[in-house]
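> Line order of the protein sequences matches chains G and X. Just so it is clear: in the first sequence, position 30 is 30 by my numbering, and no numbers are missing. Just so it is clear: in the second sequence, position 76 is 76 by my numbering, and no numbers are missing.
Worth flagging that the hints you see were computed from the coordinates, not collected in a lab. One or more of the hints may lead you astray.
As the list claims (entries may be wrong) - Pulled a few chain X residues facing chain G out of the computed Cβ check, cut under 8 Å:
id: 1; residue: P3
id: 2; residue: H14
id: 3; residue: F33
id: 4; residue: T63
id: 5; residue: Q94
id: 6; residue: Q98
Glycine included, C-beta positions come from ideal geometry on N, C-alpha and C.
2 protein chains.
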Amino acid sequence: MNPEPFQQLDRVIHEKGRLAIMSLLAANDRLPFKEIRDTLGMTDGNVTAHLRTLHDSGYVAVTKEIEGGRSVTSYTLTRAGRKAFTDYLGFLEQVLNQSRQRLG
Amino acid sequence: MNPEPFQQLDRVIHEKGRLAIMSLLAANDRLPFKEIRDTLGMTDGNVTAHLRTLHDSGYVAVTKEIEGGRSVTSYTLTRAGRKAFTDYLGFLEQVLNQSRQRLG
């Protein structure tokens with residue numbers, strides 16, 4: 001068994017709530033907070049905490065704008081976030097293949 | 001996006017240290033503590049904590065025996081652990097495929 005791909009899994013992305021957010025943002029230019037929350041069925045608190053962690057890691061950019069007099073906050077993957085997510089999925093595939101083989 | 005496979009990921013298995021232990025045990029009848037620790041390059045404390053969590057969840061059985069006057073502790077997947085790991089890998093594959101598609 002090669003432990004390397006397991007060790008290389010980025011803990012920031014690996015947490016399953018953040019993994020879902022990264023995956024959701026991967027296909028979209030920019031998503032408002034409410035759409036992330038509703039699509040993933042998470043609580044406000046969870047989404048807020050995970051987005052803060054992803055933002056602090058440089059993986060997600062936050063945009064605030066006024067629309068019709070109301071403040072709207074939206075999120076997008078940064079270039080570093082897209083790179084980190086691509087790398088993560090490569091390691092995850094190795095983990096999956098290795099585990100499948102071992103399970104037999 | 002379908003959030004279901006993300007939500008279904010078993011947190012007990014998903015933590016990357018425990019994921020490596022489950023994968024290692026999947027291909028072996030039984031492994032002594034030292035072999036798990038050395039193969040995965042983990043500290044005694046980490047391996048102990050993760051094995052305890054897996055044991056408390058019913059996924060790993062522990063065997064103690066005396067060999068040449070010394071106590072040897074070894075670990076094996078339970079039937080429930082093998083089932084949970086198989087299910088987990090199914091959801092992980094869906095997460096991977098969905099994420100790959102979204103990343104484009």
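> Next step is simple, just say for each hint if it's right about the structure.
Here's how the hints hold up against the structure:
1. P3: 5 Å, holds
2. H14: At 6 Å from the nearest chain G Cβ, H14/X passes the 8 Å test, so the hint holds.
3. F33: 16 Å, violated
4. T63: 20 Å, violated
5. Q94: It is violated, given that the least Cβ distance between Q94/X and chain G is near 11 Å, above 8 Å.
6. Q98: 6 Å, holds
When the structure is compared with the earlier hints, violations turn up for hints 3, 4, 5 and for no others.
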